[in-house]
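S.K.: Listed below are the residues making up each chain.
Protein chains: 2
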Amino acid sequence: MRTGLSASEAQQMILGLTPVLRDERCATANVRGRVLAEDIVASRTLPPWDVSAMDGYAARAEDLAAASRERPLDLPVAFEIPAGAARERALEPGQSARILTGAPLPPGADLIARQEDIDRVGDRIRFYRPHPTGEHVRHAGEDLRVGETVLSSGTVLGPAELGVLASIGRSVVAVYQRPRVAVLSSGDELIEPDGAVEPGRIVSSNSYSLIAQAHEVGADPLYLGIARDRPESLEAALRAGLNGHVLVSSAGVSVGDRDYIRPVLEKLGCELFFWGVRIKPGFPLVFGRFGEDGPLVFGLPGNPVSAMVTFEQFVRPALRKMAGHRALYRPRVQAILTEALHKGAGRLHLVRVTLEAREGRYYARSTGNQSSGVLRSMARANGLLIFPADSEHLPKGSTVQVQVLDSDVLAAPDSGL
Amino acid sequence: MRTGLSASEAQQMILGLTPVLRDERCATANVRGRVLAEDIVASRTLPPWDVSAMDGYAARAEDLAAASRERPLDLPVAFEIPAGAARERALEPGQSARILTGAPLPPGADLIARQEDIDRVGDRIRFYRPHPTGEHVRHAGEDLRVGETVLSSGTVLGPAELGVLASIGRSVVAVYQRPRVAVLSSGDELIEPDGAVEPGRIVSSNSYSLIAQAHEVGADPLYLGIARDRPESLEAALRAGLNGHVLVSSAGVSVGDRDYIRPVLEKLGCELFFWGVRIKPGFPLVFGRFGEDGPLVFGLPGNPVSAMVTFEQFVRPALRKMAGHRALYRPRVQAILTEALHKGAGRLHLVRVTLEAREGRYYARSTGNQSSGVLRSMARANGLLIFPADSEHLPKGSTVQVQVLDSDVLAAPDSGL
Chain A
1 MRTGLSASEA QQMILGLTPV LRDERCATAN VRGRVLAEDI VASRTLPPWD
51 VSAMDGYAAR AEDLAAASRE RPLDLPVAFE IPAGAARERA LEPGQSARIL
101 TGAPLPPGAD LIARQEDIDR VGDRIRFYRP HPTGEHVRHA GEDLRVGETV
151 LSSGTVLGPA ELGVLASIGR SVVAVYQRPR VAVLSSGDEL IEPDGAVEPG
201 RIVSSNSYSL IAQAHEVGAD PLYLGIARDR PESLEAALRA GLNGHVLVSS
251 AGVSVGDRDY IRPVLEKLGC ELFFWGVRIK PGFPLVFGRF GEDGPLVFGL
301 PGNPVSAMVT FEQFVRPALR KMAGHRALYR PRVQAILTEA LHKGAGRLHL
351 VRVTLEAREG RYYARSTGNQ SSGVLRSMAR ANGLLIFPAD SEHLPKGSTV
401 QVQVLDSDVL AAPDSGL
Chain B
1 MRTGLSASEA QQMILGLTPV LRDERCATAN VRGRVLAEDI VASRTLPPWD
51 VSAMDGYAAR AEDLAAASRE RPLDLPVAFE IPAGAARERA LEPGQSARIL
101 TGAPLPPGAD LIARQEDIDR VGDRIRFYRP HPTGEHVRHA GEDLRVGETV
151 LSSGTVLGPA ELGVLASIGR SVVAVYQRPR VAVLSSGDEL IEPDGAVEPG
201 RIVSSNSYSL IAQAHEVGAD PLYLGIARDR PESLEAALRA GLNGHVLVSS
251 AGVSVGDRDY IRPVLEKLGC ELFFWGVRIK PGFPLVFGRF GEDGPLVFGL
301 PGNPVSAMVT FEQFVRPALR KMAGHRALYR PRVQAILTEA LHKGAGRLHL
351 VRVTLEAREG RYYARSTGNQ SSGVLRSMAR ANGLLIFPAD SEHLPKGSTV
401 QVQVLDSDVL AAPDSGL
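Protein chains in written order, with this note's numbering: chain A, 1 to 417; chain B, 1 to 417.
No wet-lab data here; the hints were simulated from the structure.
The structure presented is a predicted model; accordingly, all values stated were derived computationally and were not measured.
Beta carbons are placed, not taken as given, at the ideal position from N, Cα and C, and that holds for glycine.
Treat each hint with caution, since some may be false.
[Said to hold, decoys possible] Straight-line Cα separation of at most 20 Å, DMTMM-like style, residue types lysine to aspartate or glutamate; simulated pairs:
| # | chain 1 | residue 1 | chain 2 | residue 2 |
| --- | --- | --- | --- | --- |
| 1 | A | K321 | B | D406 |
| 2 | A | K280 | A | E9 |
| 3 | A | K321 | A | E38 |
| 4 | B | K267 | B | E216 |
| 5 | B | K280 | A | E142 |
| 6 | B | K343 | A | D408 |
| 7 | A | K267 | A | D220 |
| 8 | B | K321 | A | E80 |
| 9 | B | K280 | A | D408 |
| 10 | B | K280 | A | E116 |
| 11 | B | K343 | B | D390 |
| 12 | B | K280 | B | E9 |
| 13 | A | K321 | A | D220 |
| 14 | B | K321 | B | E359 |
| 15 | A | K321 | B | E292 |
| 16 | B | K267 | B | D293 |
| 17 | A | K343 | A | D406 |
| 18 | A | K280 | B | E116 |
| 19 | B | K343 | B | E392 |
| 20 | A | K280 | A | E135 |
| 21 | B | K321 | A | E392 |
| 22 | A | K280 | A | E142 |
| 23 | A | K280 | B | D390 |
| 24 | A | K343 | B | E135 |
| 25 | A | K280 | B | E232 |
| 26 | A | K396 | A | E339 |
[Unchecked claim] Heads up, incomplete: computed chain B residues facing chain A, CB under 10 Å, no partners named:
| # | residue |
| --- | --- |
| 27 | V41 |
| 28 | R71 |
| 29 | T101 |
| 30 | P104 |
| 31 | V150 |
| 32 | L162 |
| 33 | D408 |
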């Protein structure tokens, strides 16, 4: 087992050992946000034929070549093509046909004159100018053609992709599985939120934050409850989490008397790859895996902020990789630091900041107390400033890198149209 | 009813008529992503007493003032304080006590010496330096104090906020209601995705995109199906949507023979505020409201891209306002245009672009065919470039404003630690 890895080494080691999960076939109605695990090939051409993009009149360009404002040209309305009609009757030279948006062009017609551009005179249509071939026509195959790949494996299925799947009648698609994440807290002092607050007891809030973080990344969390500070209790809780893809525990990973997580994991057959990452908060992170194909294990620190921040940096990218995502990390922006920050060299710090957008620039300010016990500072933060390991001073006004935890902040309050 | 509003006028009119919904009390387990509708006042002080931030030994600073590497100082271990213990026994002068992370400091103790900093010599602890008062102590109230407002009304409930609520034992909170959105398509040519593709028929994909858009914004969509191009069919479908907060229809809003939406809405008692917004795609947008307190109605154009884009610009901000959000709009970034774009003056264009992050800058490129029928171009786009109404040319290399549809794009591929 290695120790004292840099943050980057730890991320690379974790991602190197993280598999992309297998695919499963799901109803298209239930795959919003999932990642496509097959190439989708169009089984239809869309539109299947030339259709009208407007309500108006179908005609032939050659018939209208001589029309002008001074010498308008009248054509009879030979028939009408409602939306949803089949493409049956052909338009003969010298005819026009009433047509509605989405309806198929009759054979022979090659343009649509919008009704705003013509006049109806009795049962004839008056045209005032030549109309070019193709005007207001959506051509067959303009959106997609049979046999064409319309969505590639790896695509995240958002509203537009779901519309495309609907439009070609795909009601079942292959997507990557959602990672199942078992979440556990440990500590004799912990109680559930509805427990009696006796002296010495504190509420186990970590699991609630971690479960919400797992939900946000699209994983499927399972709560294992609170394990007590005895090897048997921890072992029983950990065993219950072994049928998922990832096991996340918080607390119990330091070097204290009661930090049983590591020995219990090893007893259960977990290979531990590292303990201790040169970051703050979150140094005592443990990472392991049960066998070649078994679940990954993340032993997160017990302090609420440390647990959330290490989940962000190490668990979240792994869960995104498992689920088939290509973009594994949070958005990152450059921001201007509104105050000086100092630390010792050696560990990379992730400083909770509030990020503000003003006139096309971002400004970052520390949320204040950076104690890893102060969960409220995490609630106030919408970004994590990356204070590099080797750096000791970040002057006021310097440009810094900030991970964006809440992309709402990237929307300036006045960013309507 | 007004017509020909600018995009900004339309947004302002809509938001001016959009209410913030009432609040409802929900289990904290079910409110992830919702907006808090009450100030949360701490019912507890956290930590409730001074606690140890480390595993180590509690002591009194005044006892250790003379300790040095050359002349270490030994103190007996008088007792042990496990995590979860009550704060009972006091530390007398000249004593130390074994203490675990999270355990309450005994009265009299004012610091924790980490076990890495001391040696255990028989039943005594050897200290090698003075330790300052407060070392490795998390003070009572450091996170929050009874009576303090810890989360304000209007806060979006993410993982950290859910952790804070758990930590003070709040299992029920008041949040703004989720808007219920009824979604309808209309057109005789439309079939459901599993319908038979007869000549002239096309799949109604709009509802699937719009429902996914509603889900993404946290609303609660209801699918009303496909109405046919007859007033009775439309009226029946619209009536079924009137018990929600918002009714969204697509198609039937233009000026064609079969555009019955407007007359049917008026017959049902809907006040129509405007028809037609100077944007492309999406000109024929209709907006109305049923009475003072009734649902808002958005009649979106029928072209798939127009429907999605007008939902983005006009329906989404309204749904966010209803749900209590303060940030109503998408993140917007400045990007460098990689090709020239041209249009006529008069309408604001929303150009589908792919946005790419390179070396701290964003680059925007058109997805190509901007026909509003080409849904696939919407699937390829991760941004909408705002081409202002008055502007006719955007030169290659110019700086443009882009709405970010997929914030993954803001994460450069190499943005690990």
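S.K.: What hints, given by number in increasing order, does this structure fail?
M.R.: 4, 6, 7, 8, 9, 14, 15, 17, 20, 21, 22, 23, 25, 27, 28
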